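Just need the whole structure built from these sequences, with the hints factored in.
This is what each chain is made of:
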Amino acid sequence: MPELPELNPVVHGRLRLALLSLLSGVEEAEFTWLRAKTEATDGNLGAQLLKLEEAGYVGVEKKFVLRKPQTVYRITEAGRRALIEYVQALNQLLGPAMDAESALHKERS
Amino acid sequence: MQDHTTEQELKDRLSLIESMIAEGRRNTESWGWTFVLWGVAYYLAMAWSAWGHSASAWPVTILIAVVVTVIGACLKAGNHPATTLGRATGAVWIALGISMFLLFLALGLSGRLTDQHLFAAVISAILGMANGASALILRWKVQFACAVVWWAAAVASCFGTDAQSTIVFLVAIFLCQIAFGIYGAIAEAQERKRRVPIHA
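As given, the protein sequences belong to chains W and U, one line each in that order.
Quick note on our numbering: the first sequence kicks off at 248 and runs consecutively.
Quick note on our numbering: the second sequence kicks off at 7 and runs consecutively.
Just so you know, the hints here were simulated from the structure itself, not pulled from any lab data.
Hints may contain errors.
As the list claims (entries may be wrong) - Some chain W residues judged to face chain U by a derived CB distance under 10 Å, without partners named: (1) Val257; (2) Leu264; (3) Glu275; (4) Leu337.
Source: prediction; values computed, not measured.
Built from N, CA and C at the ideal position, the CB exists for glycine as well.
Below, the structure written as structure tokens:
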């Protein structure tokens, strides 16, 4: 039996996965935008972003715009690589299942 | 890892990744209101200029519309992602705004805004250019259709009578500013409704 790939536990969390995926499609995003897109609570979102930051997968910048505090996040190279590897691992895990599914579809049609 | 539930979960994760990446790239700001605002502004300026016979009708209306647009943009500015597509599209509309503002302010104040055909043709061509560029960047067919309508209006303005030119311009404003703006706002609202919460 071929060895199955390990899924990166930092990326595997559903909200963290959503955050990395969102950040991979933009240059940078504000905390409020990420909260609106994921509809997560402030506490949960902050905690998951902190885990990603500690893993070196996202960079954070805090600044003031028109005297209002603004927290901006961006995916790092390590984060992008981790997401790509995670997708590759998922595809590898699902490979036989997807092959079987498409064969079944062909048989039925 | 290979049982049915896990497989389904893994597939869900793949689709979550795809949908989130698409979500990030989508223009999240609704700019439909600006199209409606400028459509109404054109109607007001035309009415004021036709019945009020005032040379300041266009410059003043354009100035007010610019101020309202800038205030609205500033209020929305604090909640967005930075994307290359967003910046490219924004650049097109900002450049259009500056060009129109300077051109029509100068034409209005100098009193040389007298040829109605030329005026309608220039506005239509500029709006056709901006809509066309934005549509090509975003690959948005509905907006490209608006660009085609503006280009057609620009050409028609050069050949038709005064009445025909005015009617074509009014129809183009209605279709490409007011109807398109409302369509954009509704599409954005529907998209917002479809979103589901994601938890850790």
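- Item | Minimum beta-carbon distance criterion (10 Å), valine 257 of chain W to chain U | violated (12 Å)
- Message: Interface hint check: leucine 337 of chain W, Cβ to nearest Cβ on chain U, cutoff 10 Å. Holds or violated?
- Response: Leucine 337 of chain W check passes; min Cβ-Cβ to chain U is 5 Å, inside 10 Å.
- With 10 Å as the cut and Cβ atoms as the points, is glutamate 275 of chain W at the interface with chain U? holds (5 Å)
- Query: Taking the closest Cβ pair, is leucine 264 of chain W under 10 Å from chain U?
  - Reply: holds (6 Å)
Violated hint: 1 only; the structure is consistent with all others.
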